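Number of protein chains: 2
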Amino acid sequence: MPEVLNRFKVGDIKSRPIVIREHTSVYDSIVTLFLEDVGTLYVVDENGYLQGVVSRKDFLKTALGSADLHKMPVGVIMTRMPQIHFVTEEETMLDVVKRICEHEVDSLPVVRIEDNQNLKVVGRITKTNLAQLLLELSEGR
Amino acid sequence: MPEVLNRFKVGDIKSRPIVIREHTSVYDSIVTLFLEDVGTLYVVDENGYLQGVVSRKDFLKTALGSADLHKMPVGVIMTRMPQIHFVTEEETMLDVVKRICEHEVDSLPVVRIEDNQNLKVVGRITKTNLAQLLLELSEGR
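Read top to bottom, the protein sequences are chains G and V. Numbering that gives the first Met the number 0 numbers the first residue of the first sequence as 0 and each following residue consecutively. Numbering that gives the first Met the number 0 numbers the first residue of the second sequence as 0 and each following residue consecutively.
One thing to keep in mind: the hints can contain errors.
Partner residues aside, some chain G positions facing chain V, computed with beta carbon under 10 angstroms [unchecked claim]: (1) Leu34; (2) Asp36; (3) Leu59.
Calculated directly from the structure, the hints in this document are not laboratory data. Because the structure is a prediction, the values reported are computed rather than measured. Note that CB positions come from ideal geometry on N, CA and C, so glycine has one too.
With the hints as constraints, model all of the structure from the sequences given.
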């Protein structure tokens with residue numbers, strides 16, 4: 000049955016990525032997280048290339064500490080390449096399931112690998128996208 | 000294809016619930032969240048009956064405020080019945096998918112409904128359980 004997940008490409012399912020810059024303060028980043036109602040933000044450079052990933056868990060850990068969240072840039076706490084796991088639009092939802100389970104993450108950035116090997120952020124794909132796909136399939140849509 | 004999800008009962012898939020008491024401080028609750036590496040805690044009374052649910056998102060919002068996390072009890076910030084969505088062990092993984100999508104939550108407490116109508120917390124079921132089930136099915140296990 001999960002073979003059917005091979006029929007669905009990441010590019011057709013993906014959600015809009017919510018991106019910030021490395022110098023954005025932790026406080027402003029958390030505000031963005033709530034306003035956009037997402038669990039993970041992607042940090043990009045001026046070209047939209049992936050530099051980092053920061054999750055609700057990272058933010059909570061930082062908020063527990065004594066740092067001034069208004070002054071600390073998100074670049075200090077984000078996960079950087081090559082520790083970031085991602086998918087491309089051509090991969091399938093089965094690839095997403097495998098990568099999410101293997102790396103124990105809630106979501107993956109969707110990227111286009113450019114000629115210069117930089118990763119252009121073009122989306123995000125989450126466990127919610129997966130659940131919604133299953134729901135739609137169950138309803139025969 | 001999602002019909003196969005009807006074959007799997009919540010009781011066979013569920014994870015161990017991580018529970019705290021209503022008077023536990025927000026700070027100690029967050030420490031438990033990290034130590035157990037979960038996204039949601041369940042608040043129970045002395046009989047193990049469900050009283051509340053508190054998520055990483057609730058904690059992050061509280062941590063941003065000016066409250067003393069060591070003094071504030073988790074009961075102040077938790078979601079209470081009847082606003083809590085749950086499943087029973089006899090329901091299926093398709094029921095889980097439907098409820099998770101409908102209520103936009105990451106996980107659901109698994110409960111047994113007692114004769115006195117109280118809800119005994121016996122597990123938790125998450126989007127991760129769902130992804131792992133799909134992975135196992137894809138590997139033919």
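Numbers of unmet hints, in rising order: Violated hint (a single one): 1; every other hint is consistent with the structure.
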